Each structure stands twice: as C-alpha cells, then as structure tokens.
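Chains as they are written, first to last, in this note's numbering: chain A, 1 to 418; chain B, 1 to 418.
No wet-lab data here; the hints were simulated from the structure. This structure is a prediction, so every number in the text was calculated from the model and none was measured. The beta-carbon is built from N, C-alpha and C at its ideal position, and this holds for glycine as well. Take the hints with a grain of salt, since some may be wrong.
[To be verified] Far from chain B, some chain A residues (derived; all Cβ distances over 10 angstroms):
#	residue
1	Leu21
2	Ala23
3	Ile24
4	Ala80
5	Gly119
6	Arg220
7	Pro222
8	Ser238
9	Gly281
10	Ala307
11	Ser317
12	Asp350
13	Leu367
14	Arg373
[What the hints assert, rightly or not] Facing chain A, according to a computed beta carbon distance under 7 angstroms, are these residues of chain B, among others:
#	residue
15	Asn53
16	Lys54
17	Ala370
[As the list claims (entries may be wrong)] Derived list of chain B stretches under chain A, where covered just means 3 residues or more per stretch with a C-beta under 8 angstroms from a C-beta of chain A:
#	region
18	65-72
19	80-87
20	145-156
21	233-246
This is what each chain is made of:
Protein chains: 2
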Amino acid sequence: MSSSGLEIGVVARRAREASLLSAIIPTERKNAVLLGLADSVEAAIPIILMMNNKDVADAAKSGHDERTLARLRLGKEAIAQTTARLRALAALPDPVGVVTLERPLPNGLMARRERIPLGAIMMIYEGWPLITLEAFAICFKSGNACVLSGGNEAAETNGTLGKFIEAVLKGCGMPTEVCQVLHRASREESLALTLEEALIDLVIARGEVELVRAVRAHSRVPVIAHDRGVCHVFVDASANLEMATRICATGKISAPAACNATECVLVHRDIAPSFVPAMVGAYVGAGVRVLGDAEVVSLAPAAHAAAPEDFGREFLSLTVAMRIVDGMDEAVAHIDRYGSGHTEAIITADERSAAWFTGRVRSSCVLVNASTRFNDGFQLGLGAEIGISTQRLHAYGPMGLEELTAQRWIVRGSGQTR
Amino acid sequence: MSSSGLEIGVVARRAREASLLSAIIPTERKNAVLLGLADSVEAAIPIILMMNNKDVADAAKSGHDERTLARLRLGKEAIAQTTARLRALAALPDPVGVVTLERPLPNGLMARRERIPLGAIMMIYEGWPLITLEAFAICFKSGNACVLSGGNEAAETNGTLGKFIEAVLKGCGMPTEVCQVLHRASREESLALTLEEALIDLVIARGEVELVRAVRAHSRVPVIAHDRGVCHVFVDASANLEMATRICATGKISAPAACNATECVLVHRDIAPSFVPAMVGAYVGAGVRVLGDAEVVSLAPAAHAAAPEDFGREFLSLTVAMRIVDGMDEAVAHIDRYGSGHTEAIITADERSAAWFTGRVRSSCVLVNASTRFNDGFQLGLGAEIGISTQRLHAYGPMGLEELTAQRWIVRGSGQTR
Numbered sequence: 001m002s003s004s005g006l007e008i009g010v011v012a013r014r015a016r017e018a019s020l021l022s023a024i025i026p027t028e029r030k031n032a033v034l035l036g037l038a039d040s041v042e043a044a045i046p047i048i049l050m051m052n053n054k055d056v057a058d059a060a061k062s063g064h065d066e067r068t069l070a071r072l073r074l075g076k077e078a079i080a081q082t083t084a085r086l087r088a089l090a091a092l093p094d095p096v097g098v099v100t101l102e103r104p105l106p107n108g109l110m111a112r113r114e115r116i117p118l119g120a121i122m123m124i125y126e127g128w129p130l131i132t133l134e135a136f137a138i139c140f141k142s143g144n145a146c147v148l149s150g151g152n153e154a155a156e157t158n159g160t161l162g163k164f165i166e167a168v169l170k171g172c173g174m175p176t177e178v179c180q181v182l183h184r185a186s187r188e189e190s191l192a193l194t195l196e197e198a199l200i201d202l203v204i205a206r207g208e209v210e211l212v213r214a215v216r217a218h219s220r221v222p223v224i225a226h227d228r229g230v231c232h233v234f235v236d237a238s239a240n241l242e243m244a245t246r247i248c249a250t251g252k253i254s255a256p257a258a259c260n261a262t263e264c265v266l267v268h269r270d271i272a273p274s275f276v277p278a279m280v281g282a283y284v285g286a287g288v289r290v291l292g293d294a295e296v297v298s299l300a301p302a303a304h305a306a307a308p309e310d311f312g313r314e315f316l317s318l319t320v321a322m323r324i325v326d327g328m329d330e331a332v333a334h335i336d337r338y339g340s341g342h343t344e345a346i347i348t349a350d351e352r353s354a355a356w357f358t359g360r361v362r363s364s365c366v367l368v369n370a371s372t373r374f375n376d377g378f379q380l381g382l383g384a385e386i387g388i389s390t391q392r393l394h395a396y397g398p399m400g401l402e403e404l405t406a407q408r409w410i411v412r413g414s415g416q417t418r
Numbered sequence: 001m002s003s004s005g006l007e008i009g010v011v012a013r014r015a016r017e018a019s020l021l022s023a024i025i026p027t028e029r030k031n032a033v034l035l036g037l038a039d040s041v042e043a044a045i046p047i048i049l050m051m052n053n054k055d056v057a058d059a060a061k062s063g064h065d066e067r068t069l070a071r072l073r074l075g076k077e078a079i080a081q082t083t084a085r086l087r088a089l090a091a092l093p094d095p096v097g098v099v100t101l102e103r104p105l106p107n108g109l110m111a112r113r114e115r116i117p118l119g120a121i122m123m124i125y126e127g128w129p130l131i132t133l134e135a136f137a138i139c140f141k142s143g144n145a146c147v148l149s150g151g152n153e154a155a156e157t158n159g160t161l162g163k164f165i166e167a168v169l170k171g172c173g174m175p176t177e178v179c180q181v182l183h184r185a186s187r188e189e190s191l192a193l194t195l196e197e198a199l200i201d202l203v204i205a206r207g208e209v210e211l212v213r214a215v216r217a218h219s220r221v222p223v224i225a226h227d228r229g230v231c232h233v234f235v236d237a238s239a240n241l242e243m244a245t246r247i248c249a250t251g252k253i254s255a256p257a258a259c260n261a262t263e264c265v266l267v268h269r270d271i272a273p274s275f276v277p278a279m280v281g282a283y284v285g286a287g288v289r290v291l292g293d294a295e296v297v298s299l300a301p302a303a304h305a306a307a308p309e310d311f312g313r314e315f316l317s318l319t320v321a322m323r324i325v326d327g328m329d330e331a332v333a334h335i336d337r338y339g340s341g342h343t344e345a346i347i348t349a350d351e352r353s354a355a356w357f358t359g360r361v362r363s364s365c366v367l368v369n370a371s372t373r374f375n376d377g378f379q380l381g382l383g384a385e386i387g388i389s390t391q392r393l394h395a396y397g398p399m400g401l402e403e404l405t406a407q408r409w410i411v412r413g414s415g416q417t418r
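Given only the sequences and the hints, what does the whole structure look like? Please build it.
Put into structure tokens, the structure is as follows:
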C-alpha cells in the first residue's frame, strides 16, 4: 500500500468489518496464530535484522539523532524477548466473554457483565519496530481488529514484520484484514483515519509528545496516549544507600531510552552528603551525565549544573537529573509539578514513609525499593503491553489484554417491565 | 458566579486542588454528606418545585418545545427517587482503595492494583436538573472533585440544588470546592474549561447529539459521551405475544423522553399478521404515534408511513418506529446500521435465539424478555449513574462509582533491579 494509494475509507471500513470477525475467533485458534508467529519470526531473525539495518542506515543518513537510532535499532535478544511475549500471551486466558459480575436483581432479572472486544483499534506509533508484533498480538488475542501505522523511519522493518503477520494469519485460515500494517503512510493519512469515528473505536498514540499532541488534537475517535515517562526515584533518609545506588543506576543505564527509565533522582537532605557523591560517581563511571541543582554540584563536582527546564524532562539518553529535597513533602510536590503520571519509586527502610508515599503519589505505578523499570506489562504479569497509558481514563499504566476490552451487560428476564 | 464573571482558569485550578482533598476523605464522612443531602433536599421539595416551575415557565415562554419541557419538569416522585439514589450510594461500598488484583512476581516483587479516583471531572449536560444531585453524589463518593455545568434552561433549579450541596458540604466540614455548580455559564465558557487538560481529568458530555459533538470537537480532555439511545426491541417468531406487547408498550410509554426508552420495534415476519395489529392498537390506544414500514401500515392502518430517516431516530416523545424483518439476521443488520450501541432487547421463547442475539448484538446492555428501560444504573444495582456511556472506552453503559475510578499499580520490593 503506497503512501499515495492509501484509501482511508477502505482501510477503516475493512477494519470495522474485520472486527466483527475477530470478535468471535475461538481462543485456541487465536493462540495457534500467536505461537505460529513466534516461530516464524524466530526463524527469520537474520532477515529482520537485515531490514532493520537498512532502516537504521537510512535514518542515520537522513540525519536522525542517536536517540531516534537507539529506539529503532533491534538486536537478537530484543527479538527473542518479543517472541517470548507472544508465547506468554498465547498462554494467558482469553479475556473475551469473561464474566466480571453476575447478580440477581430484586425483580427477578438476572444481570451479568461480560467482556467484549473494543472493536477496531488504530495505533499510531514511532520508533521501536517490535511494537508492531506486540500490538498485533494483544489486539488479536483480545478479539480486536487493528490498523498499525508505525513511523516511516522503521518502514522496512515494520513492513517485513507485517508480512510475517499476514502470512501466519493466512496459514491459519484467518482473515488477514484483522491486522492492516500501513506501509509508509504519511502523517496526514494516519490522522485522516482518526476521523473515522463511525468505524474506528479506539486510537492509541504512542511516541513523542508532538505526535501524541497532533493525534489528540485531530482525532474524533477516543485516544489513549502513551507518551512521556518522566520517572522519579526518591531516596529517603532511611534508605539503604547501597540499594538506592543500584536502583538509581540500573534504572537509567539498563535502557536509557525506555519510557520507564529513571529520569530524576530526588535525595533527602539528611543523607545527601554521603549519598550524592557516591551516586554521581556511579553514574559518571557508567557514562551517565548528571544534571544537578547547586547543592548536588557542590557535593559532587562531577555533576553539571541543571537548567530549570532539566526537571520534568524525559532525556531518553544517558542523562539524569538530580535534586536535593527537604523531605517527603518536597519530593511529592516536585513529582506533582514535574512528573508525567508514569512511574515513581521510593527507596526507604521506613514502613510509614512507604505507605505515605504510595498513598500520596498517584502515578500509574508507584514502587517501594524497586526500579522504575518494572512498570512494564510483561514484568507485571500481563504477558505483554500495547503501551503504558499516562492518562487515568480507560487504562492507566501498562495496557494488556483486559485493557483492550469493554464490559457490557446481558440481562435475562421473564417479561419484566418498568 | 455570573456568566460574564466566570474565570475559567480559577474554576479549573480550584477543581484540581479540590481533587487532591476529595481523594482522601474517609468513607463515613462522605456517606454523611450524601445522607445529609438527601434529608435537606427532601425537606425543601416545595422550594425546588417552585424554582423548577420558574425554569419551565421561562423555557415555555422562550419557545422551547414539549420535548425539552418534559426533560426539564420535575415532580415530587422524581425528587424522591433521587434522594433514594443518594441513600443507595451512601450504602454502597467505597470504591477508593479497593484492591482489584494482588500478585507475587517471580522475582519476589509483590504487585497489587488498586482503585484511585479519576481526579477532577467536568460534566456538561442539558435538561433533567436532578442530574446535578446524582452527578455530585457519584463523583464525591468515588473521591473525585467535580465541575457541573447544566443547561441554562434549568439554571434556577440547578442553582438551588447547587446551594443545597454547598450548604451540606459546609455543614459537614468539607471543602465546598469539591463541587462547583456553574451558574448560567455560556456554551463558550463551558467549552473553554474542556481545554484545561493539565487540570481536568475527564469531561462527561450528556445531552443531545449537537452538544456532545461540540464538546468532543473542542475538548483536549478525554470525553465520555452520553448521547443517543436508539433502543430496539426485536420480537422473535417464538415470542409470547402478550409479553412482547407489554414490554414494547411500557418501554415507550413509561418515560418517552428517557434515553433507554424503546424507539423501534422489529417484528419477525412469521408473527407479524397477529402481532402488528395488536401492538399498533396498544400503542395508539395509549396515545403513541406509530411510524411503520409499508407492510406495517398495510397490516395496521392506524400506523403512519415511516420516512427512511425515522429509523435510527431517537424520538424522545410518544412516537415509535416499527418494521417487519425476515428474521434475526435482518434484525441484527438493522441494529448494526441504525442503533447507537445503547440498549437492545429480544423477546423470544427460544433459548438458542436468545443466545445468538446476545452474542451478536454488542450494545452496552442486551436484554432477553425484559424492557429496554432496565438499562439504568439504579436498576442494575449500581446505586445511581452519572450517565450511560455509548462508547466502549473506559465505561460502556451505566456509569456508577467504579466507573469514576482508575486502577494503578503499587509494587513493593527489596532492592530488585532490571
């Protein structure tokens, strides 16, 4: 499907019609597709890496920065992680038809609430091409049809993955329209699809702030945003400092461009003199640039002076912000002001501090003595995720199978009226 | 607060700040407010009816049609029904803090998911002034702050109810900012509030299609729509015809302007010769105008010929559409094409037909042998409802307490990293 030849109305109607079919595919047939896809992707790792290399080279040539390249570049391990997620999804129960409530009413009616698919889902995303596989897998297992429109910088990789999906669907006797991977769709074409409110049930926007803002401003279909992860770690006065150093360090280093990476460390003043020099040393030793407030810099001259706008920034690179706070109140006020509602952690040995922090901070995931990087659908047992929602509506945090369903009522009676 | 003096930024910021307070009010104190409100409203029924009479008279004078007047006019029974709902809400469990999942993870982390309020909710609505009380009560019990902007045709009634809410909050030592009832806000002012995406978490639009469309087109905050209820009853060949007549008749007559009123009856061809004349007779006898297709009119000349656009219409008056269909496939195709996803019912004695219909039709509530009018939060045991969502996202169908919460994760560890 070429950019010029994309007929928006046809894509939308096809998605809508496919959603009537995908809603009633039996669980075991859906699982067979996911397992088949995992196998065929694994068998084709060299081809996928070759196409990915092409995308990365093209992106570098056209001047994309290292942050974009990091989000684009695949390795064997990442692909293996994704096929593991496809298999995990196959092993999870099917959410469609699950009864979430059953209640006899005083007038003799029997009411039950059950899960149905959302319908036709459109996803507009950037970077990381393996999203294509995971997004299809989650939509498909939850009975939805999907239209996937990835970034053009990943066009070759996404196109290749789309062909694997199509081939496996065909091989399993499924309608291939349940997953339409758009090839080199322009921004205008993707946005045009978000106007099809009668045919598309949900738009997921996953990427940088500008993309999400454009989709939100344009769409007539309800939008779920997966955008900024400005994740904080607060190191309390009672923290085990060795543990705190490890959690803060790996939280940035293990995946600097991930949305659940630690972007800002808040340090309780009481422990700053011992913790800050050690922490800055650990970061600098691992190649991380630390942007600290004046006190941080005076305690650890290897840190650079932060500009005001460095707080609240999602660096997506080997950079982290650091600030000293008077205590929990100031830490929470900082998070309220600068956070994005994604993930925050507290490192503390004090039960009451942990309870106060988790009660007061209302991000999609709040952790005690653990890395921000655990806010992830696979890590939390959802099998995989189609994104991490930073809005409270519909789904907050990692979106897995259940989050791609709606609940509706079925009521049985014997002639009741009112 | 007068229309000209309304400072949008102040209202939005006040709602946001109030939402931090409302989130942590203990259950028993919230219940005391609801019970106090029920008492004070009951004690003031004559005043409320007086103000309501003024609104109705003004609306009639300024040329509003009977449909609008019907949605505006209150009676003692309606107020008593609402105070019963306030008491039912007080008796229901508090959704805030409810743990919906608790799971140890293989790496020793303990993850749980719990309900938190959505935050600051803005509701833009028309007609029925008792929505003001129910909307406040549901938002408040679920820990949310709210801004309520009702239609100007109900300004006096809504203003009076707002004063009762304020007085009860004050009397119970609560911050009155948790409920801001806007007085005679212009459409522009209400819409301006929907741009405050950093301060308002959810906009509920409840009213006619034009209002909902305007809010959706304008808002930067996620919107839940409560708009059209184009509810169908399909009378199957095996239906008990006496039961079918009763369900179809009361489904329209008992509340012609309600969103869950029956708007269209689909009749299986096999029983049309006996059912249609009896049904049309029952309707006409009760003052209901029937708009039928050619076959309906030929079987029952008291019916009027329907225009094509009469199918898919929400009449909101003593009018109903009727059509003869070849069977379930045609009935479902009609609903797919003309329905609004609100409520549909089948009248049948055949178990398999019931199962097929409820499986195939995916409206927010599908009923077997019962009236469409049971798709209502109070009837389904939710205590009350802030609206009936006709979109699948976040909440589908009646929105009660749970539907005004989000779920977030709390994860406790002992130093885990990845």
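* Asked: Regarding the assertion that Asp350 of chain A does not contact chain B, is the least Cβ-Cβ distance greater than 10 angstroms?
  -> 13 angstroms, holds
* Given as non-interface: Ser238 of chain A, partner chain B, CB spacing beyond 10 angstroms -> Non-interface label stands for Ser238 of chain A: nearest chain B Cβ at 14 angstroms, farther than 10 angstroms.
* Asked: Is the Cβ of Pro222 of chain A farther than 10 angstroms from every Cβ of chain B?
  -> Per Cβ check, Pro222 of chain A is inside 10 angstroms of chain B; nearest 4 angstroms; violated.
* **chain B versus Gly119 of chain A - minimum CB to CB distance exceeding 10 angstroms, so not interface** => 6 angstroms, violated
* To do: Take the region 65-72 of chain B, compare each residue's beta carbon with every beta carbon of chain A, and decide whether three or more fall closer than 8 angstroms.
  => As far as the region 65-72 of chain B goes, the hint is violated, because 0 residues have Cβ atoms under 8 angstroms from chain A.
* Apply the coverage criterion to the region 80-87 of chain B and chain A: a residue qualifies when its Cβ sits closer than 8 angstroms to a Cβ of the chain, and three qualifying residues are needed. => violated (count 0)
* Asked: Does the claim that Ala23 of chain A lies outside the interface with chain B hold up, using a Cβ gap greater than 10 angstroms?
  -> Its Cβ does come within 10 angstroms of chain B, the nearest being 8 angstroms, so this is violated.
* Asked: Are there three or more residues in the region 145-156 of chain B whose C-beta lies within less than 8 angstroms of some C-beta in chain A?
  -> That given contact is violated, which follows from only 0 residues of the region 145-156 of chain B lying within Cβ reach (below 8 angstroms) of chain A.
* **Beyond 10 angstroms from each Cβ of chain B, as asserted for Ala307 of chain A** => The claim holds: Ala307 of chain A sits with its nearest Cβ about 22 angstroms from chain B, beyond 10 angstroms.
* Asked: Any Cβ of chain B at or closer than 10 angstroms to Leu21 of chain A, or is the non-interface label fine?
  -> 12 angstroms, holds
* Once the shortest beta carbon distance from Ala370 of chain B to chain A is found, is it less than 7 angstroms? -> 3 angstroms, holds
* Can Lys54 of chain B be said to touch chain A, with a Cβ gap under 7 angstroms? -> 30 angstroms, violated
The structure does not agree with the numbered hints 2, 3, 5, 6, 7, 13, 14, 15, 16, 18, 19, 20 stated previously, though it agrees with the rest.
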